[in-house]
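Put the complex together from the two separate chains, hints included.
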Amino acid sequence: DAGVIQSPRHEVTEMGQEVTLRCKPISGHNSLFWYRQTMMRGLELLIYFNNNVPIDDSGMPEDRFSAKMPNASFSTLKIQPSEPRDSAVYFCASSLGAILDTQYFGPGTRLTVL
Amino acid sequence: AQKVTQAQTEISVVEKEDVTLDCVYETRDTTYYLFWYKQPPSGELVFLIRRNSFDEQNEISGRYSWNFQKSTSSFNFTITASQVVDSAVYFCALSEAQNQGGKLIFGQGTELSVKP
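Protein sequence lines correspond, in order, to chains A and B. Numbering of the first sequence is given in this note's numbering, commencing with residue 40 and proceeding in unit increments. Numbering of the second sequence is given in this note's numbering, commencing with residue 38 and proceeding in unit increments.
Because the hints were derived from the structure by calculation, they are not lab data. Heads up, the beta-carbon is just placed ideally off N, CA and C, and yes, glycines get one too. None of the hints are false.
Quick partial rundown of chain B residues pointing at chain A, CB under 8 angstroms, derived from the structure: (1) Y70; (2) G80; (3) E81; (4) F84; (5) F128; (6) S132; (7) A134; (8) K140; (9) L141; (10) F143; (11) G146.
Only chain B is shown next, with the shape it has when bound in the complex (with noise of 0.2 angstroms):
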């Protein structure tokens, strides 16, 4: 059965710090997609990444990068040189294409404290 778990309920970090958020996945689909999603307290939620299930190459956009490992099917997210800004939550998800890709498995999330 396709799940995701953030093992990660809360992190605290003071700024500068570097942090990695865990996400690992579960599946039997060879076809499939992974999203971080981010929710500040605002409410809403903001894309940051999808990565397909054929491509493990790490990415990196400014000071986020995601390293992505089949071998333990994890999803890791890390933020380098936090920010105050960067305090939100954080989802991590799946989806199949043997949903026709519709289905969006979300993680439980992760709580991310920057204190100044």
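The following block holds chain A by itself, in its conformation from the complex (with noise of 0.2 angstroms):
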């Protein structure tokens, strides 16, 4: 079976640029997580959906973070514009959807902010 799929798995781009990152959930999962890991602050959890609805938002640092879930097998998470203490790896998660439901990560992306 086929786990959380992300991509690109590596992004370098220039301040300034508009970054989407894409996710493609386990099948048959409900929710869907992002996550962000610095060396600073560690693993944070940015944003997840239930059921394609935002339920939890407090985590994306600002408005040039923005997420999407415009269906159950496809997600988005846009940062515009780009700076460099954006750089960081960026990871999926998808879980069941049930309460406290085993989260299941995706390889990551490793972006890059120049």
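Structure (structure tokens):
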């Protein structure tokens, strides 16, 4: 069975450019999560969706970040405009959706903003 | 407030040694789950175990074992007869029912290095 799929795996961009990260959750999973991993802050939740509806976006750092889930099999995390401090590994995870279900992570997207 | 502390930043052992990774958590919720994830050098996060707050039984899976003690708010992870392939960063995480079970709160991770 396919796990969580993320693309691209690596992204290098210039400051000020728009960046779009993509995620396909495990089929049948109803919850989707975006996390960011940095040396300074570790792993932190940015936003999560349940049945395509955003439930908690309190971790989204600022208005430059936005996330969408137009259907059950696709989500995007967009940064516009990007800044060097956005450089991090961005993970997408999905779970079946019941409370406290195990979250399964994708391979991550390593973003570098120059 | 909810928090997960992994006090050991780095551990280095020689192959075949046993090693225990410590995890201490804080929560006011009575219903919660605790997790361990492994992050090998390749970078992905691999799920290892989930334990709910009402089940304090220890768990063993091959060379891996977990000790959950609510009295000390700890969920420690032991690798028996460590191998080089165990080298990775290990994360302990907490999920609380009051957060609709959505948010995983991670510790800072313990980097384990197993030398041949």
